[in-house]
Amino acid sequence: MPLAQDKLARALPGRIELRRGTRIALNTIEFTALVGLGALAAGFLGALTGLGGGVVIVPLLTLVFGVDIHYAIGAALVSVIATSSGAAAAYVREGYSNVRVGMFMEIATTVAALVGAALVLHLHVSIISIIFGVVLLYSAYASITEHDHSSVDGGPDRIATWLKMDSTYPTENGLEGYHVRGVPQGFALMFVAGVLSGLLGIGSGAVKVLAMDKAMKLPFKVSTTTSNFMIGVTAAAGAGVYLARGYIDPGLAMPVMLGVLAGSLIGARVLERAKVKVLRMVFSGVIAVLGMEMVYNALK
Amino acid sequence: MDRAQQRMDEIMGRLLRTGVILAAVFVLAGGGVYLGRHRTPVTNYGVFQGEPQELRTVSGIFHGALALRGRGLIQLGLLILIATPIARVAFSVVAFLYQRDWTYVVVTLIVLGLLVYSLLGEHG
Chain L
0 MPLAQDKLAR ALPGRIELRR GTRIALNTIE FTALVGLGAL AAGFLGALTG
50 LGGGVVIVPL LTLVFGVDIH YAIGAALVSV IATSSGAAAA YVREGYSNVR
100 VGMFMEIATT VAALVGAALV LHLHVSIISI IFGVVLLYSA YASITEHDHS
150 SVDGGPDRIA TWLKMDSTYP TENGLEGYHV RGVPQGFALM FVAGVLSGLL
200 GIGSGAVKVL AMDKAMKLPF KVSTTTSNFM IGVTAAAGAG VYLARGYIDP
250 GLAMPVMLGV LAGSLIGARV LERAKVKVLR MVFSGVIAVL GMEMVYNALK
Chain Y
0 MDRAQQRMDE IMGRLLRTGV ILAAVFVLAG GGVYLGRHRT PVTNYGVFQG
50 EPQELRTVSG IFHGALALRG RGLIQLGLLI LIATPIARVA FSVVAFLYQR
100 DWTYVVVTLI VLGLLVYSLL GEHG
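Protein chains in written order, with numbering that gives the first Met the number 0: chain L, 0 to 299; chain Y, 0 to 123.
It should be emphasised that the hints constitute simulated quantities derived from the structure, not laboratory data.
Please note that the accuracy of each hint is not assured.
Below, a sample of chain Y positions facing chain L; criterion: calculated Cβ distance under 7 Å [as the list claims (entries may be wrong)]:
1) 68
2) 77
3) 79
4) 101
5) 106
6) 109
7) 112
The C-beta atom is built at its ideal place from N, Cα and C for all residues, glycine as well.
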């Protein structure tokens, strides 16, 4: 075995590495079709399980297709914008998302996304891979542990009141009001979400929901839809930097963006709550394995 | 929710959907041209080289797309996609101005400034 510092650099591009060492040469059309199919599956499962497709794109491209992690992050970010904008278009009209909370928190996520995108220049590929692996493992863990989402309304909060964040959302009993709390804590967590988004090319939906659901005590449905509303803006901040820096390759981003977008649209159509639980477990398992693989490869 | 707010939300939803569809159309068209002409072996994605100037600056991308180059057209689609959330934030500035909510006019202008900087600023 050659003493390459990691498999990502060793695997020849455009050749799938089936098992370590076994490679198949592909032409452009075959490569595009396979990447597109992989992205379609990722978008489909991501929409069905609510985990998002963006998170598995980078491991898929680097581990299976031998793509350099910088190109992979660029392509993943673009697909994140597509799914977020598509989904937000539907949600925003239903009146769940809290536009003021979203906008205010976007100050934190966009600054942080710029910081994350700048960090990519200074961090070694193996460090980025390890952080990625840990985030994947956390996502898998967070999605299989059941949370109690019955948030208790803590009454009005000085900062949130000043920022006019308190709002209403539709429930079975009509519009119900809620109070927002913990703005500084939420802001800090949003900063973390933004750095991860800019650094890894993911939407960081899990951290955003954590900030709003746990720290700011927003109703769960409001947290998830507002998160979706914010993901596109956060990803756009990172993507602008990646584009200017030449990390976004059209030949690679094309099948990834179209595949994830189509997959997530199909996923949203066939969304059946009953069967999602098993699927969610399976997809979480896949994410966990990919996470361990990322860490393992970086440490090797 | 009052009717003005509801109308704003509807326009915002339409704006996002239009942006995504437009982006997908350009990426698809560019993909067709790219695959139709690209008979050479796959680009070497395993070694990072970075894209040429014509695929990373706004003016370069427009130039390539107008020449109907496959990669230029795809990149224009991706540029439209990145611009979609930015347009959404720009629209929010107008919406908050309309509501005379000065705090949030400032908040959205900050976010908009950061996004414009990310797209047009100099990044090593």
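Now the hints, each set against the structure:
This hint is violated: residue 68 of chain Y has a C-beta 9 Å from the nearest C-beta of chain L, more than the 7 Å allowed. Contact between residue 77 of chain Y and chain L, as hinted, is supported at the beta carbon level, the nearest pair being about 5 Å apart and thus within 7 Å. The beta carbon of residue 79 of chain Y is not positioned within 7 Å of any beta carbon in chain L (closest approach about 10 Å), and the interface hint is therefore violated. A cut of 7 Å between beta carbons decides the hint on residue 101 of chain Y: the least distance to chain L is about 11 Å, and the hint is violated.
Here the hint on residue 106 of chain Y is kept, as its CB sits about 5 Å from the closest CB of chain L, short of 7 Å. Because the beta carbon of residue 109 of chain Y sits about 6 Å from the nearest beta carbon in chain L, less than 7 Å, this interface hint is met. Because the smallest distance between the Cβ of residue 112 of chain Y and any Cβ of chain L comes to about 9 Å, over 7 Å, the interface hint for this residue is violated.
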